[in-house]
Structure formats: structure tokens, C-alpha cells
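Got chain A; can you put chain B on it based on the hints?
The chain contents come next:
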Amino acid sequence: MMPSEIVADVLSRLPVKSLLRFRCVCRLWCSIIDSQVFVKMHLHQSITTNSNHSLILGGLGLYSVALDSLDKAHVLKTPFYYKSVDDISNSCNGLILVMSEPLILWNPFSTKYRILPDNPIKYPTPLSCFSKVIYGLAYDSRKDDYKVVQVVEFRNKTSHIWECSEAEIYSMKSNSWNRIEGFSYPLPILKGKWGIHVNGALHTLVEDYFHIYSDKSIRIMSFSVESENHYEVMLPPNFRIKNVKLKLDVLGGCLCLVCTSKFGASIWVMKEYGVEESWTKLISIDSSTIDPDGILRPLAYLKPLAYSKNCENVLLAYDDKRLVWYNFIRKTIKNVSVRGLPFLFFPEACVESLISPCGPVWREGDEVKKSAQDKRKEKNNKKNRDDFLSEGFKLVL
Amino acid sequence: MSSSTELTEKKVFLLKSLDGVIFEVEESVAVQLEVIRELIEGDCARPFISLYNVTSEILALVIEYCKHHAETCSGGTSATIADEDLKTFDNEFMNVDENILLELCSAADYLDIKSLFELTCRTLASLIKDRTIIEVRKMFNVENDFSVVEEKAVRKEFAWAFK
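For the protein sequence lines, the chains are A and B, in the order given. For the first sequence, UniProt numbering gives the first residue as 1, with consecutive numbering after it. For the second sequence, UniProt numbering gives the first residue as 1, with consecutive numbering after it.
Derived by calculation from the structure, the hints in this document are not laboratory data. Among these hints, one or two may not hold up.
[Stated by the list, open to error] Derived DSBU-like pairs (lysine-lysine); straight-line CA-CA distance at most 30 Å: (1) B:Lys156 - A:Lys72; (2) B:Lys129 - B:Lys114; (3) B:Lys114 - A:Lys72; (4) B:Lys129 - B:Lys10; (5) A:Lys271 - B:Lys10; (6) B:Lys129 - A:Lys77; (7) B:Lys129 - A:Lys40; (8) A:Lys72 - B:Lys10; (9) B:Lys87 - A:Lys334; (10) B:Lys87 - A:Lys17; (11) A:Lys281 - A:Lys216; (12) A:Lys17 - B:Lys129; (13) B:Lys163 - A:Lys83; (14) A:Lys173 - B:Lys156; (15) B:Lys152 - A:Lys17; (16) A:Lys83 - B:Lys156; (17) B:Lys156 - A:Lys77; (18) B:Lys152 - A:Lys77; (19) B:Lys87 - A:Lys331.
[Said to hold, decoys possible] To give an idea of the chain A side of the interface with chain B (calculated C-beta under 8 Å), a few residues: (20) Ile6; (21) Asp9; (22) Leu14; (23) Pro15; (24) Cys26; (25) Cys30; (26) Lys72; (27) Val75.
Beta carbons are placed, not taken as given, at the ideal position from N, Cα and C, and that holds for glycine.
Next comes chain A alone, as it looks inside the complex:
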């Protein structure tokens, strides 16, 4: 029989659905798959090898599309009550926040979910304002905790100009809400999701108008769920923002900027988080791009979703209505036909994981088993090496 460490290595390369079935193979396999060490190993394996990824489509109902095959959109049945108008947040290690009332933290791959407790903190809306609630989901790697940030924005009823915000943070570990002090910038007002999650922080583009007729300036603000601090991330050096529509997004775990103008579109990627010089222009769509079917005409918002396995293509959502492959080498656009795709959809690229929204399920003896396993491996390694050495020495002596 194979040692359990090797079994775990083989299993860590499987999709979630297979793993949930293989819990039935025997007690050992079940305890491997359920262990926190394995859940993390599986997640890490999927992220580093760019495998086991799906698109989760929100908007009009919920769908999933496996990125490896990209053949069919499957309707997702939720184990909880879901209204089709409820939006979904960004995804974070296989978890998604369903913005229903009450809020639900959900793993669409294991189908496990948790209903979040009601946020006890309520704010009165000033008479001249209306309020809007925005959510983001993030992972705190220092505390190994998943966190939901809720921002209530107050905007002027007539001008829609942002006046102030109040924010709270929910921790999955403590299952409670806490207030965040000082949220001093507005989040995107329309459709814009806040959930640009990279490096344990949520990011947004902030436009500053110093005078109504003067040029605007733009900055990237981020909120770290680890330190609960706000900080600025630099834009590409000498970045031109005039007559360009900008959107912030995530691609392959990197922050990226989508710029659309009358003449074309470009996508910039911050290859090394926080390093201004690492901003690189990844895609440039202009008159030289080969698009024989005119798929990208008229040019509308492009949302980068994922790299192909061979890294030669990037999957883009065009105007929330269709999916296209952009090929870096040939600079071509190719339509992706997925059966059952709804007319309009808001896609989120999501890694399939076994991360439980219910928090870690501690079984008695889990810790003990792990340390025993570690010791065994250590002992084995030592034994192997001793065998080599002794054999070698025996011969020399």
C-alpha cells in the first residue's frame, strides 16, 4: 500500500468533486481529504499549476463553467434560498459571498455554506443622502482567516457625490463584526465591484476632481484586511489617463488595469505586487489586432479572467455578454462558444477548493496524527540516508 504522504500528493491534483467521492474509499483517505493540511496543499497545488479553476457567473442566476473544458455553463443549485437578483462578490480561495439578506459565505464546489450573523451596527442616513452597501471578500494569511468588509456609503441624493462612508469587518474565525475606523474614499458607484483582492487587500480606483473643469487625477487605494490599514498602490509610471476609461481587475493573482479609449484597449499587469516598475503592458488591442469577425466591435469593457494552460492566451469577457480568447503571439481574437451561457453575466474566475466556509472542522486527534506523520517522514528520510551511508562505508572499510 502507498504511504499516506504520497496518496495525499496524488489526491492534491484532483478536482473537488472527485475528492468528495474518494472520501468513501477508506478511513485513511477520508481523514487525509478532510485534514486542514491537505485542504491547503490542494489549494496551493491548484493555484500554482493553474488547474481546477472555474468561472462562476452571477447576474441572472448562478452558473459555473469549468475553465479546463469551457464547454458548458452549468446551473448552480444553491443549498440556500437564492434570489436571482442577489449579486455575488469576488471569489477568494474558492469561497464566494452571496450578497443576499442575510449574507451567505459559500463554497460552490463543496456546496458548504454559512449564514453570516446580522451586522449589529446600523447607521442613520442623513436626510440629504441615500446609502449604498458594498462588500468585498478577502483572506488574512497572517491569521488564516477569511474576512468580509462591508462599506456603507452615503451619497448626495441629487448630485450623487460621495459624502462619507462607514465600514465594518467580519471575521470567519470569530464569527463577528467589528467597526473599521476612517474610510475616507468612495468606491465605484455603478456595477463596479469592490472586490479586487490581491495580497490580503481589497483595491479600488479613486478619482479625485480638484475642480469640475480641471483634469481628474486617479489613484489606487487599497485596504488590507490583515493590518486594517489603507494605503496607496502606485499606477504605472507616467501613466496617461486623459480620455481613457479605467477599471481595476485581477488576473492570475496580479493586480491589473484595463484602459479603454476610442482607439483601442490595453491591459496592464502589476507583475510584482507593490513594485511600481513591475507594471507591464500585457495586451494591446488596436487596429493591428486580428479580429476578422469583428467580435470586439464596438469596443466595450473587457474583463480579464484567466490565462490558458500554455499561457499563450488570456480569456476575456467582452461587455459581460461573451467570452473570447486573446492570443499573445498571434495577436488574434477568437470567440469561445459555451453552451447554456446566459445572455448577460458577471463572471468571476474562481479556484476550486475544499476550504470550508464553516471554519476548520477539528476532529479529535487531527493534530496528533499530523505530528506523528511528520515524525515518521523524518525518521524514514534519516533511515534512508543512513542506509546509503552505511553501505558506502562498509565497502570502503
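Using the frame of chain A, we list chain B on its own:
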């Protein structure tokens, strides 16, 4: 490789399998086995090394794999051609009986050959992905130690995954 080894004549190692068969391999092949490379770097390597956990049938395959990888990587071909060549070789190399594949995987772990371990794990995973529980138990030679009631309960928890 350091210049001192280049000056001396080609070093040869003798690897002895569990069933006593001795294989002669050049250093460039032997260093692909991380356990041996560590011994060489630590200056502890002796020309004769016994591998207690690997049978001659498996060791022959492992050496074939390491030889091909060592030759392709040191040959003058460009990186992309070498890459393509290794991919084709790996695909053909994995076209073996399932029991041998399992043994190769364990051997790659024991001998610490990262690329072979990765390759065998990946192949095994894609083989079992859509298999039934009974087929997987048989392949990995594991006994079902759940009671009927327990198995039913574990199965019920994610009944949809069996559809």
C-alpha cells in the same frame, strides 16, 4: 557541474536494487536522484549504493527516465525543442501498467526525483479522476474499513458528487 569533476574522468556509480541487480550509471544520471546528489555534494557518495526500496524492474525504468532527461538537457538542442522532446518522451514513458505506475511513483518519492514524482502523481490523478470508489480501492490496494452504516453516512454527506 564543478570544474574539478570535468577534469577527472567520467565518474560511474553502481546502484544495487532490492533484488540484488546492479546497474552502472554515469554521474550525470545519478545526480538526478536527489538523494544521491546530496551524498555527492556532501562528499559522502561511495561508488556502490544500495537502494532497498526499489526492485530491478522499477530501477531500470527510473534509470531510463533519468538517462533520457540528462541527455536531452545536456544536448545542444534549443530549449523549446528539448522541452517538446521531453514531453513526448514523458507521455510515452507513462504508458505503462497501473501497478508499475504506482511503484514508479513510490520510487520517485524514495529516490527524490522531483520531475518523475510530479509526472507520476499527475498521471495517477488523471487516471483515477472519474473512477468509481471500488475501482480506486482495487487500484491502490486499499481495504474498505468503513462499516456499512459509516460508509453510507460518508456517502450521504456529498451524495451529489456521485451523480
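Right, here's what the structure says about each hint:
1. B:Lys156 - A:Lys72: OK: Lys156 of chain B and Lys72 of chain A at ~27 Å, within 30 Å.
2. B:Lys129 - B:Lys114: holds (22 Å)
3. B:Lys114 - A:Lys72: The given pair, whose Cα atoms are some 35 Å apart, is violated under the 30 Å limit.
4. B:Lys129 - B:Lys10: Violated. Lys129 of chain B to Lys10 of chain B sits at ~44 Å, over the 30 Å cutoff.
5. A:Lys271 - B:Lys10: violated (43 Å)
6. B:Lys129 - A:Lys77: Roughly 23 Å separates the two Cα atoms, so the pair holds.
7. B:Lys129 - A:Lys40: Holds - the C-alpha atoms of Lys40 of chain A and Lys129 of chain B are around 20 Å apart, at most 30 Å.
8. A:Lys72 - B:Lys10: violated (57 Å)
9. B:Lys87 - A:Lys334: holds (27 Å)
10. B:Lys87 - A:Lys17: The hint holds at about 28 Å.
11. A:Lys281 - A:Lys216: holds (23 Å)
12. A:Lys17 - B:Lys129: The hint holds at about 9 Å.
13. B:Lys163 - A:Lys83: Between Lys163 of chain B and Lys83 of chain A the Cα gap is close to 26 Å, so the pair holds against 30 Å.
14. A:Lys173 - B:Lys156: holds (27 Å)
15. B:Lys152 - A:Lys17: holds (17 Å)
16. A:Lys83 - B:Lys156: The given pair, whose Cα atoms are some 27 Å apart, holds under the 30 Å limit.
17. B:Lys156 - A:Lys77: holds (17 Å)
18. B:Lys152 - A:Lys77: Holds, at about 23 Å.
19. B:Lys87 - A:Lys331: At roughly 26 Å apart (the allowed maximum being 30 Å), Lys331 of chain A and Lys87 of chain B satisfy the hint.
20. Ile6: holds (5 Å)
21. Asp9: Given a least distance of 5 Å, the restraint on Asp9 of chain A holds.
22. Leu14: It holds, given that the least Cβ distance between Leu14 of chain A and chain B is near 5 Å, below 8 Å.
23. Pro15: holds (7 Å)
24. Cys26: With a closest approach of 5 Å, the Cys26 of chain A hint holds.
25. Cys30: holds (6 Å)
26. Lys72: Where the cut-off is 8 Å and the nearest Cβ of chain B is about 15 Å from Lys72 of chain A, the hint is violated.
27. Val75: Interface hint status for Val75 of chain A: violated (13 Å vs cutoff 8 Å).
Figure legend: structure checked against the earlier numbered hints; hints not met, in rising order: 3, 4, 5, 8, 26 and 27.
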